[in-house]
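One-letter residues, chain by chain:
2 protein chains.
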Amino acid sequence: MKPDSRPLILVTNDDGIQAKGILHLARCMAPLGRVVVVAPDRAQSGMGHAVTINDVLRIEERPFPVKEVEQAWQTSGTPVDCVKLAIYEILGQKPDLLVSGINHGSNASINVIYSGTMSAAVEGAVEGIPSVGFSLLDHSPDADFSATTPFVTKIAQQVLSKGLPTGTCLNVNFPKLTDQEIQGIKICRQSTGHWDDAFDKRTSPSGSTYYWMTGNFNNPDQGEDTDEWALRKNFISIVPTQFDLTAHHAISTLNQWDLK
Amino acid sequence: MKPDSRPLILVTNDDGIQAKGILHLARCMAPLGRVVVVAPDRAQSGMGHAVTINDVLRIEERPFPVKEVEQAWQTSGTPVDCVKLAIYEILGQKPDLLVSGINHGSNASINVIYSGTMSAAVEGAVEGIPSVGFSLLDHSPDADFSATTPFVTKIAQQVLSKGLPTGTCLNVNFPKLTDQEIQGIKICRQSTGHWDDAFDKRTSPSGSTYYWMTGNFNNPDQGEDTDEWALRKNFISIVPTQFDLTAHHAISTLNQWDLK
Chain A
2 MKPDSRPLIL
12 VTNDDGIQAK
22 GILHLARCMA
32 PLGRVVVVAP
42 DRAQSGMGHA
52 VTINDVLRIE
62 ERPFPVKEVE
72 QAWQTSGTPV
82 DCVKLAIYEI
92 LGQKPDLLVS
102 GINHGSNASI
112 NVIYSGTMSA
122 AVEGAVEGIP
132 SVGFSLLDHS
142 PDADFSATTP
152 FVTKIAQQVL
162 SKGLPTGTCL
172 NVNFPKLTDQ
182 EIQGIKICRQ
192 STGHWDDAFD
202 KRTSPSGSTY
212 YWMTGNFNNP
222 DQGEDTDEWA
232 LRKNFISIVP
242 TQFDLTAHHA
252 ISTLNQWDLK
Chain B
2 MKPDSRPLIL
12 VTNDDGIQAK
22 GILHLARCMA
32 PLGRVVVVAP
42 DRAQSGMGHA
52 VTINDVLRIE
62 ERPFPVKEVE
72 QAWQTSGTPV
82 DCVKLAIYEI
92 LGQKPDLLVS
102 GINHGSNASI
112 NVIYSGTMSA
122 AVEGAVEGIP
132 SVGFSLLDHS
142 PDADFSATTP
152 FVTKIAQQVL
162 SKGLPTGTCL
172 NVNFPKLTDQ
182 EIQGIKICRQ
192 STGHWDDAFD
202 KRTSPSGSTY
212 YWMTGNFNNP
222 DQGEDTDEWA
232 LRKNFISIVP
242 TQFDLTAHHA
252 ISTLNQWDLK
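Chains as they are written, first to last, in the numbering used here: chain A, 2 to 261; chain B, 2 to 261.
A couple of the hints might just be wrong.
You can't tell identical chains apart in this list, so a pair holds if it fits in one copy or across any two.
The calculated DSS-like cross-link candidates involving lysine-lysine, where the alpha carbons are at most 25 Å apart (straight line), are [stated by the list, open to error]:
#1 K155 x K234
#2 K234 x K95
#3 K21 x K68
Please keep in mind that the hints were generated in silico from the structure rather than gathered at the bench.
Generate coordinates for the entire structure from the input sequences, incorporating the hints supplied.
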């Protein structure tokens, strides 16, 4: 038998291996290479770049409802744990492409730092793997991902053929629109919007107080080069995203401080 | 009684409210303003920018062994949850300064993205609060923080008087050295080192397989402007750190792609 020369594609997410979004993403990847799924065994939204260092991790191979998928594994860990387990324990090698999602809900603007979906892609970039996180602006568990197919395919093909600039991955967000309504793709910067949080205070039947985090997204950044602007104008947004958090422009200011 | 015009200082961490590092940090802050501690009720290392959105949160006021501390609260949440709870539920206002740590262990280089200590500081920056994360290169629960005192004080004083460039916080790492051995402070960029992970596979008494994450830090980046270089040369490293993850330099490359 000839060795399989097709690219090896790792698929992960943060909504859990049962989510509709990862099923759709694995289906999109099947024509492009050998597909292996490694994803959390339950929803891990909002996990950011968390890793499991104070607890054990478990992995389990399981069936996956896309017949072309070569292997599917669920893990007890976070999305970033999934990437590390996939590379260093399950595959024993780095894949040619890492795709994460498709997330049920936006990861545009500041959401990128809270997102497990995007943190998996960022971890891929740390490992030097061309990596893309995909998200749809629809939180519903039954969200309709069909309009994303040609764009997901095209973006993945471009990344497979061209690679990505060193130290970067892509944060791709889709508006909740039909194929006909989508105006195209814009390369953007992350808008500076953020969440004004609030806490919904409640009392349990036994009388103890607890809170649910809620909040409103507040975006004063009206820049036409931002992801939020593109999405509002019916475009797909792509933000090249990096793990170097250095505020390089602030170094000269700090060098003038009196810190002797 | 005269209203208290001293600055309001929020102290948090990721090692938990019982850790020696947060006790030291609260002591350093006491002469500088009114100090409120809001920290996790247990160790939350490696939690990155995780937030609790699929579970409830609890908060509890508790005694704190530094008499000048006005209030101390423990929460069931992550370090980022602590910042949000402090601002929107406990204080009902933004503090004048947020300090996080002192972390037991390095948050230099790529560790910044896994670190709950630094994610709390980054969340402060998202909220527009001058914020600093402090870490000591000593994982021991009984680490000796005494050499950090004059530097923590000086950095906090400078931040209180000058503020920080918009959208940035500070990532401060201390070498494990005495006051006499420390050579001073360097403003740095985050080095590009990363972890080569490994998983220690074990079998439980009942026969199930589980894993512990381990790994080795690998830093090919020998730049003399990096945090790792400064720490190796016995300097304290300060990296201005931002939440804009946009790889601005990659936008022009991506605009040349065929994504029509």
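Quick rundown of the hints versus the structure:
Taking the shortest Cα distances, K155 and K234 sit within 25 Å of each other inside one copy (21 Å), while across copies they are farther apart (48 Å). In the homo-oligomer, the alpha carbons of K234 and K95 never lie at most 25 Å apart, since the shortest distance is 37 Å inside one protomer and 34 Å across protomers. In this assembly of identical chains, K21 and K68 lie within 25 Å of each other by CA distance solely inside one copy; the values are 15 Å within and 53 Å between copies.
Going through the hint list in order, the structure does not satisfy hint 2, though it satisfies all others.
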